[in-house]
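All chains should be built: construct the whole structure from the sequences, respecting the hints.
Protein chains in written order, with the working numbering: chain V, 228 to 336; chain W, 1181 to 1294.
Hint data in this document are derived by calculation from the structure and do not stem from the laboratory.
From the three backbone atoms N, C-alpha and C, an ideal C-beta is built for every residue, glycine too.
Please note that a few of the clues may not be correct.
As the list claims (entries may be wrong) - Listed next, the stretches of chain W that the computed footprint assigns to chain V, with coverage defined by at least 3 CB atoms under 8 Å from CB atoms of chain V:
id, stretch
1, 1214-1228
2, 1283-1292
What the hints assert, rightly or not - One side of the interface only, derived from the structure: several residues of chain V facing chain W at Cβ under 7 Å:
id, residue
3, Glu268
4, Gly269
5, Pro270
6, Leu272
7, Thr275
8, Thr278
9, Lys323
10, Phe326
11, Gly327
12, Thr328
13, Gly329
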Amino acid sequence: TQLLEQSPQFLSIQEGENLTVYCNSSSVFSSLQWYRQEPGEGPVLLVTVVTGGEVKKLKRLTFQFGDARKDSSLHITAAQPGDTGLYLCAGRGTYKYIFGTGTRLKVLA
Amino acid sequence: NAGVTQTPKFQVLKTGQSMTLQCAQDMNHNSMYWYRQDPGMGLRLIYYSASEGTTDKGEVPNGYNVSRLNKREFSLRLESAAPSQTSVYFCASSSVVASYNEQFFGPGTRLTVL
Chain V
228 TQLLEQSPQF
238 LSIQEGENLT
248 VYCNSSSVFS
258 SLQWYRQEPG
268 EGPVLLVTVV
278 TGGEVKKLKR
288 LTFQFGDARK
298 DSSLHITAAQ
308 PGDTGLYLCA
318 GRGTYKYIFG
328 TGTRLKVLA
Chain W
1181 NAGVTQTPKF
1191 QVLKTGQSMT
1201 LQCAQDMNHN
1211 SMYWYRQDPG
1221 MGLRLIYYSA
1231 SEGTTDKGEV
1241 PNGYNVSRLN
1251 KREFSLRLES
1261 AAPSQTSVYF
1271 CASSSVVASY
1281 NEQFFGPGTR
1291 LTVL
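Listed below in structure tokens is the structure:
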């Protein structure tokens, strides 16, 4: 069974701080996606990484796919209250995409 | 474009009752999915439809049935609801981009089974 574990589960930080969220597995994935979900809404795709070692930047967000394609990280620089939400990683598995358990981020003004 | 729409937004059922969750997308996507989201467990795939006329079981299909009515619509039916089916249900559709799918999610249906 392919599993994705995210850490930390919860994170509360002050505006302006930097943070990193991790997504780890013992399985290899052909691609990995990051989503952000706000309360009462469905997840929204932020990025897809497909190549081992790939780094993608989306404004203040930097996504990295591990060389072995088993893990990924999301780094946010100078976090803002608008970054608050549930961050989910998802790896392409047998049943299409397998989702991690999520990291709930709260950025305090 | 409305994207992916789901009805109803909220529902309360008694154990043993049945209901159908409706989902429609206007993006001309071939693939559609039903997920459930429970606290601390992320999103789990219930059923998916790779194309019109086909459906396949996902990770947690027991207690559910689906119908791909046409390319736009994909419904999820609970024949005899159980408290363990209390959850938030999300429908999604996807387009193929190179080697991966981009999934677009609806706003969810919050279901409570008493």
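Comparing the hints with the structure gives:
no.: 1; hint: 1214-1228; in the structure: holds (count 8)
no.: 2; hint: 1283-1292; in the structure: holds (count 6)
no.: 3; hint: Glu268; in the structure: 6 Å, holds
no.: 4; hint: Gly269; in the structure: 3 Å, holds
no.: 5; hint: Pro270; in the structure: 5 Å, holds
no.: 6; hint: Leu272; in the structure: 6 Å, holds
no.: 7; hint: Thr275; in the structure: 5 Å, holds
no.: 8; hint: Thr278; in the structure: 10 Å, violated
no.: 9; hint: Lys323; in the structure: 6 Å, holds
no.: 10; hint: Phe326; in the structure: 4 Å, holds
no.: 11; hint: Gly327; in the structure: 6 Å, holds
no.: 12; hint: Thr328; in the structure: 5 Å, holds
no.: 13; hint: Gly329; in the structure: 6 Å, holds
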